[in-house]
Structures are given as C-alpha cells and as structure tokens.
Amino acid sequence: MSRPIEQALLDLANHIDWPDPSEQNADLRRRLAVAPVKPRRRHWIPATALVLVVVASLLLLSPTAREAVADLLGVAGIEIRFDPDPAQVVGAELQLGEEVTLEQAAEAVDFEVSVPGDPGPPDAVFLSDRPSSGRVSMVWVGSETLPASGDSEIGLIYSQFASELAEGADFVKSVTPDTSVRAVEVDDAIGLWIEGAPHVISYEDAAGNRVEEETRLAGNVLMWESEGVTHRIETTEGLGPTLALAGSLQPTG
Amino acid sequence: MEGRPLNEQDLIERAKTGDVAAFEALVQTHRPIALRVAFLVVGDQTEAEDVSQEALVKAYRAISRFRVDAPFRPWLLRIVRNEALNQRRRRGRQDRLSLRLASDPVSGGAAPSPETTVITGVERRTVLDAVSALPDRYRDVVTHRYLLGLSEAETAATLRIPVGTVKSRTARALDRLEAALSGLKDGGRDE
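Respectively, the protein sequence lines represent chains Y and F. With the first letter of the first sequence counted as 1, position 17 gets the number 17 in the working numbering; the numbers rise by one all the way through. For any residue, its number in the working numbering is found by taking its place in the second sequence, counting from 1, and adding 1000.
Hint data in this document are derived by calculation from the structure and do not stem from the laboratory. A virtual CB, placed ideally from N, CA and C, is assigned to each residue, including glycine. Heads up, some of the hints might be wrong.
[Unchecked claim] Sample of chain F residues at the chain Y side, in silico, Cβ under 10 angstroms:
#1 1005
#2 1008
#3 1046
#4 1069
#5 1071
#6 1072
#7 1074
#8 1090
#9 1092
#10 1102
#11 1122
#12 1145
#13 1161
#14 1163
#15 1169
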C-alpha cells in the first residue's frame, strides 16, 4: 500500500456510510431450520479403488498409458472400469478450469471473447487463471459432423487467452518425432498446425508462471495469435475444416 | 462435551451434517462483510439485509458441496454477490454505486495515521465520485480490494475472475483514479 491513491481509498473505506450490521434480521435460524441441507451424493468406492480411478482419469487421454495401468491393475487383481460420471459436466475431467457461463467468462477476462459460428453454442465453458490474465475454454461434445476423439466424448476444444508472454520468454516446444509442426496462414496471421502425437508447449506468462499447453484430446492443434489474443483449437479434424472453423470466429456480444 | 473451542473447520463439518447452530456460528463473523458485499450491488440497506440473509440460507443448503480445504469466506461472499446481482437484475435498476460518506467518522477503528488525517471531507467526496465514475469492471475490483478490504485472492473468488485479472484491473483502476484526481486538481482538465 504505497501509492497515495491507495491510502486515500483505505481512508475512504472508514468513512463510508455502511449498512448497520446490528439491524440484520434476527430470524435467520428460523429460516435455516426449514431449509434442509442438501445431502451430498454418495459414491461408495473403496479407498484403493478411488485412488486408482483418479489415476485412471488423469491418464484418460493416453490409450497406451491406460492399457499399461489396466495391465498393472490386472496383475494386482483389481478390476477397473472407465465409467464417466453421468452427472459430470462435459469436459470437467479435462481440467480446463472452473465451469462458467459464456457471459461470465466474457465478463471475467480483459480480452474480447470469440465464438466460432459453426458448431453452435459450446456444451460447456471453462475459465482458468493459467495464464494469470485468464483463459476461456469452450468444449463441444462429438457428433457426426464433429467426430469425438477416440479417448473421450469430446469433439472440439477452443481456448483463448491474452498473449501476455513474459519479457523475452519463448515457447518451449516438446514434441516427439511423430508430431509434425508447420506454419500456416490463419486469418492474415501466422499460426502453427501441430498434427500427430500428443505434445506439450510451455511458456512463461506475464506473471512469471510457467504455463504448460498439452493436448487434451488425442487430436490436432491449431494455434495462432490475433490482436493480442492467442487462439487454440484442438480437434480430431484435419487442417482444412479447422481453418474454416478458425475463419468463422465472431466476437461475443 | 468437547473442551476446546470449535474452529471454522469443525463448524463446517458440523454444518454439513445439518447442524443449524454450527452454521450460524460459522457465518456470524462474516455477516457484516456479507452485508457490505450485498450493499455494494443493491445500494439499499433493507434490500442488502434481505439479499444477504437469502444468500446465507442458500449457502446453508449448499454447504454439503463446499470443499473443506477451500477458504470459506470467499465461497460465502460469492454466493452473497450472486444473490445480490440476481436481485438487482430482477428489479432492473441501473448499475450505479450508491455509497455515501458517513456524517461521523466510523468509531472504534485504529488511531488515524498521519496520512489519513490530512484527507479532508471534500477530498473524500472527490475520491468517492472518482470511484463511482469508474467502469464496472474496474470499480468492482477497487471496491472489493480497498473498500471491503478483501485480499486479491478473495476478490478474485468473490467476483469470479482470475487473480491475474484482479491484479491488472487494480493497477489500471488506480491509474485511472490518479488521472481523474490530478485532472481535478489541475482545474478540471479531463482526460
């Protein structure tokens, strides 16, 4: 609290005509008594199995790793099932952040949020604070026109975040020889089309946090920057349909 | 009977089982700030009381979904703010900050620091007007950070925005306030 304006604001806080807390209604208890606590959904899972389910869901995206775990578990004599929780939000297991509405997401970040014109409204929207200026991710369930990734029900993930790289920071690409990376033109900007095996891209954001971009679907990724916003589309589709999708982006509101 | 006082975690655990008294004890210390959070949105004492009480009832009904390892206060304040925003939407009134200066200084606070003693009532009104004139997204972070005294993390959780956004908006809001106030001092020159 060093700036004079901050001192002035703290001083102001002590001189606001705040509502008097002593006048708060006293009948809270009566109202609480008739408002039963909603019971928590109970899943009966033995502790060991629970841990294994967590591990399995983390490995959801890699079939090889999943088989490896399943094999291991087979040895241990434990059966493991990969049942998605039907009550769960679409894409919740992808760790894209907190589920929000499109309006809340647009309100929360400083950049203008775009939506693709093509596949209709997203099935879920997530907001995360990595990078620190916020990231909005939209998820679509796979359909006939938008094939789901073999490992999930998700057909498309579109993320956007302010391109606030740290001073002098550069992208560190960690890709295997099975991944191809090529430069493509997206909407007058140069983008990267990354195809093939899963990959990780990491960089430092403006707040100095290292952000790791990894593929969440076993799919292809198109990344490009436009007017200070980095866009990233992860899809099972090829380059052509993905470029068309990128071209259909419209600002919300 | 237990010999030690119940801490927040104990109270949350009890409230999760439907213990009304535990929930009341849990929210007691947070009721004044909950009222202020609601007041910032709806701008009316009676309405703010109704909203914050309704929010407490909703929080009680939802407490089984609260994660024990998460901070409780921002979780509660977020529910209060949502309820207040819904109330304001229902009534359809314009979004204006309706804070007023108290006629008497708030008593019971710490002794005023040398910096604060030199701030006059007129200057306070000028600062308040400048805060009121900020765009919503900047005003929200300023009121929550400085007028309510919430931390950056609590502000982020209450406003449902990332911490990085709180930081960047706070910095920009302070710049705007400084510019507005220096403009006034320089004879009303506007940006």
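Structure-based check of all given hints:
1. 1005: violated (21 angstroms)
2. 1008: Given a least distance of 17 angstroms, the restraint on residue 1008 of chain F is violated.
3. 1046: holds (9 angstroms)
4. 1069: Result: violated, 15 angstroms to nearest chain Y Cβ.
5. 1071: violated (15 angstroms)
6. 1072: Violated, because the Cβ-Cβ distance from residue 1072 of chain F to chain Y comes to roughly 15 angstroms (cut-off 10 angstroms).
7. 1074: violated (13 angstroms)
8. 1090: violated (17 angstroms)
9. 1092: violated (17 angstroms)
10. 1102: Given a least distance of 4 angstroms, the restraint on residue 1102 of chain F holds.
11. 1122: violated (12 angstroms)
12. 1145: The hint holds - residue 1145 of chain F has a Cβ within 10 angstroms of chain Y, the shortest such distance being about 8 angstroms.
13. 1161: holds (4 angstroms)
14. 1163: holds (6 angstroms)
15. 1169: holds (7 angstroms)
Hints 1, 2, 4, 5, 6, 7, 8, 9 and 11 from the list above are not met by this structure, while the remaining hints are.
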